[in-house]
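Student: Line by line, the protein sequences are chains A and B. Take the first sequence: its position 43, counting from 1, is numbered 119 in this note's numbering, and each next residue is one higher. Take the second sequence: its position 58, counting from 1, is numbered 134 in this note's numbering, and each next residue is one higher.
Treat the hints as calculated values from the structure; they're not laboratory data. Errors might be hidden in some of the hints.
[Stated by the list, open to error] Which stretches of chain A does chain B cover? Using the computed rule of at least three CB atoms under 8 Å from a CB of chain B, they are: (1) 101–112; (2) 152–160; (3) 171–177.
[Stated by the list, open to error] To give a feel for the contact side, a few chain B residues facing chain A, derived at Cβ under 10 Å: (4) 79; (5) 97; (6) 105; (7) 118; (8) 119; (9) 135.
Even for Gly, the Cβ is constructed at its ideal location relative to N, Cα and C.
Number of protein chains: 2
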Amino acid sequence: MIQVITTVDLRPECVDEFLVLLGENIPKVKAESGCLAYDAMVDVSSGLPTQGDLRPNTVTVVEAWSDMEALQKHLGVPHMTTFREAAKPCVEHIRHQVLRPV
Amino acid sequence: MIQVITTVDLRPECVDEFLVLLGENIPKVKAESGCLAYDAMVDVSSGLPTQGDLRPNTVTVVEAWSDMEALQKHLGVPHMTTFREAAKPCVEHIRHQVLRPV
Chain A
77 MIQVITTVDL
87 RPECVDEFLV
97 LLGENIPKVK
107 AESGCLAYDA
117 MVDVSSGLPT
127 QGDLRPNTVT
137 VVEAWSDMEA
147 LQKHLGVPHM
157 TTFREAAKPC
167 VEHIRHQVLR
177 PV
Chain B
77 MIQVITTVDL
87 RPECVDEFLV
97 LLGENIPKVK
107 AESGCLAYDA
117 MVDVSSGLPT
127 QGDLRPNTVT
137 VVEAWSDMEA
147 LQKHLGVPHM
157 TTFREAAKPC
167 VEHIRHQVLR
177 PV
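Build the full structure now, drawing on both the sequences and the hints.
Tutor: Structure below.
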């Protein structure tokens, strides 16, 4: 299993628009072979001092894939290319943490 | 569901020791009520330019909890206090991303 933490920092005025685009794309991603999880998340306060400030303009997608091959295939599917193009104007910064089990 | 991404930066000479401590603690965490997932992960290269440099001394724990109450209870259980004390000398920096579904 490969897990991916995708952190997307958005232009403040674009968060809602991005969430609509993301919401439309999620069913297509979840239908991909090897997709074990694809959850769109936002910060919630926990009181943990190690959490730092909440990020109102950040969306985090927590993904799980059966293996690296499934992830690599996902990166090239047409609906991801379409989604990236549509979402591009909203995105200020994007970071991927790609993880394997210890 | 609440998801927690715990990023632990370790002293280089302490990674193996930390992983042993973590491995011993994981079954106890997974037995806690409300624990849906608790996966110890490390970076793996994906070729994605947005991944940045691999972090050889970083362990990421990807957690899922049924709700905030289960997470808060987890933070105070005795085996987590014991684990934190034992792991403390190895830890250089720890960061929690605490997330709720959009």
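Student: Does each hint fit the structure? Answer for all of them.
Tutor: Status of the hints after comparison with the structure:
Coverage of a stretch by a chain is defined here by at least three residues with a beta carbon nearer than 8 Å to that chain's beta carbons; for the stretch 101–112 of chain A and chain B the count is 0, and the condition is violated. Restraint check on the stretch 152–160 of chain A versus chain B: 0 residues with Cβ-Cβ distances below 8 Å, three needed, restraint violated. Figure legend: the stretch 171–177 of chain A, annotated as covered by chain B; annotation consistent (7 residues with Cβ-Cβ distances under 8 Å, at least 3 required). Interface hint status for residue 79(B): upheld, as the beta-carbon distance to the closest one in chain A is roughly 5 Å, under 10 Å.
Because the smallest distance between the Cβ of residue 97(B) and any Cβ of chain A comes to about 12 Å, over 10 Å, the interface hint for this residue is violated. The restraint placing residue 105(B) at the interface with chain A is violated, with a minimum CB-CB distance near 14 Å, outside the 10 Å limit. The beta carbon of residue 118(B) is positioned within 10 Å of a beta carbon in chain A (closest approach about 6 Å), and the interface hint is therefore held. Nearest Cβ of chain A to the Cβ of residue 119(B): about 6 Å, under the 10 Å cut. The hint holds.
Interface restraint check for residue 135(B): the shortest CB-CB distance to chain A comes to about 7 Å, inside 10 Å, so the restraint holds.
Hints 1, 2, 5, 6, counting from the list given before, are not met by this structure.
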